[in-house]
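Participant: Residues per chain are reported as follows:
Number of protein chains: 2
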Amino acid sequence: MNRMTLTPIGYVKNSAGRETHSEEFRHLRSKIVIDPTYSDGLMDIEQNELITVIFYFDRTAGDYKLRLHPRGDESRPITGVFNTRSQYRPNPIGLTVVRLIERQGNTLAVEGLDALDGTPVLDIKPFVRTFDEGVEPDDPRQDRALRAR
Amino acid sequence: MNRMTLTPIGYVKNSAGRETHSEEFRHLRSKIVIDPTYSDGLMDIEQNELITVIFYFDRTAGDYKLRLHPRGDESRPITGVFNTRSQYRPNPIGLTVVRLIERQGNTLAVEGLDALDGTPVLDIKPFVRTFDEGVEPDDPRQDRALRAR
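Protein chains in written order, with our numbering: chain A, 1 to 149; chain B, 150 to 298.
Simulated from the structure, these hints should not be mistaken for lab results.
Glycine residues also receive a C-beta, built at the ideal position from the N, C-alpha and C atoms.
Heads up, a few of these hints could be off.
[Said to hold, decoys possible] Heads up, simulated BS3-like pairs for lysine-lysine below, C-alpha to C-alpha not over 27 Å straight-line:
| no. | chain 1 | residue 1 | chain 2 | residue 2 |
| --- | --- | --- | --- | --- |
| 1 | A | K13 | A | K31 |
| 2 | B | K162 | B | K180 |
| 3 | B | K162 | A | K31 |
| 4 | A | K65 | B | K214 |
[Said to hold, decoys possible] Which residues of chain B face chain A? A few of them, derived with a C-beta cut under 8 Å, are:
| no. | residue |
| --- | --- |
| 5 | R152 |
| 6 | G229 |
| 7 | V230 |
| 8 | I273 |
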């Protein structure tokens with residue numbers, strides 16, 4: 001298998017564009033509007049305080065360098081793209097853990113999503129410490145209820 | 150834009166198959182062999198203790214239910230797929246934070262990757278608390294050095 005094709009499950013709606021400064025995303029409210037085809041998959045999502053949103057950097061797709069100055073800042077030393085969170089990547093996949101504020105039908109209101117208005121969303125997952133923090137099952141941070149998923 | 154095409158940057162090599170129990174992955178050692186085309190993107194990756202691996206559930210692609218019993222266990226109540234980490238998803242993307250043990254050339258040795266032998270890898274990112282834990286910039290857990298990426 002050499003190529004995989006994905007289809008958006010929904011889109012981001014917010015006030016962010018390419019001119020938005022990275023610091024502004026921290027408290028930015030966004031909506032994620034899920035396609036009604038996938039509504040049933042949202043069952044119980046509102047039980048999560050944190051969700052992981054996987055999205056597609058559509059504005060930068062196909063445009064990357066394997067080595068770059070982080071954030072395009074030439075005062076920072078060049079490093080490998082896989083050592084950065086740059087949106088210019090071989091596979092332009094973005095990934096952010098955000099706070100889920102509320103769900104209304106197919107629409108999720110979230111805080112902290114660093115994606116631009118109109119960004120295609122590929123997946124949503126509950127945040128689970130064993131997968132997302134590399135903790136051991138006997139680590140006190142481990143939440144057994146979440147782990148059961 | 151309705152469909153996105155991705156290309157693997159590398160593949161997982163380990164001893165895991167479909168019969169491997171989920172608990173066994175916690176301490177499983179895997180290798181991630183990156184295609185030489187992308188070698189330059191690995192520069193400095195060895196500075197990270199934890200990396201996020203994004204991979205493609207090739208064994209389950211195209212096979213999903215929007216509502217399911219978590220882990221196929223009928224004693225667990227049915228819930229939405231986006232409220233689970235199931236490998237049966239509309240876009241079969243897997244995501245796990247793993248421990249990076251060492252790098253040798255294009256090969257990363259990691260611990261805790263819950264992907265089967267031969268799984269295509271789509272992306273690798275450094276683990277950064279502000280993106281991956283939903284923490285605030287003034288949260289004491291915040292690591293300023295990492296955040297700079």
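Participant: Would the hint linking K13 of chain A and K31 of chain A be met if the CA-CA limit is 27 Å?
Facilitator: 5 Å, holds
Participant: Under the criterion of a CB-CB separation shorter than 8 Å, is V230 of chain B in contact with chain A as hinted?
Facilitator: 4 Å, holds
Participant: Given the hinted pair K162 of chain B and K31 of chain A, is their Cα-Cα distance within 27 Å?
Facilitator: 38 Å, violated
Participant: Holds or violated: R152 of chain B as interface residue toward chain A, Cβ cutoff 8 Å?
Facilitator: Constraint on R152 of chain B satisfied, holds at 5 Å.
Participant: Just to be careful, I want the Cα atoms of K65 of chain A and K214 of chain B compared with a cutoff of 27 Å; is the pair within it?
Facilitator: Judged against 27 Å, a Cα distance of about 37 Å means the pair is violated.
Participant: Using Cβ atoms only, decide whether G229 of chain B comes closer than 8 Å to chain A, and label the hint accordingly.
Facilitator: With a minimum Cβ separation of about 3 Å from chain A (threshold 8 Å), the hint on G229 of chain B holds.
Participant: Hint validation: I273 of chain B versus chain A, beta carbon distance must be below 8 Å. Holds or violated?
Facilitator: 4 Å, holds
Participant: CA of K162 of chain B to CA of K180 of chain B, is that 27 Å or under?
Facilitator: OK: K162 of chain B and K180 of chain B at ~5 Å, within 27 Å.
Going down the numbered hints, you'll see the structure goes against 3, 4, while the others check out.
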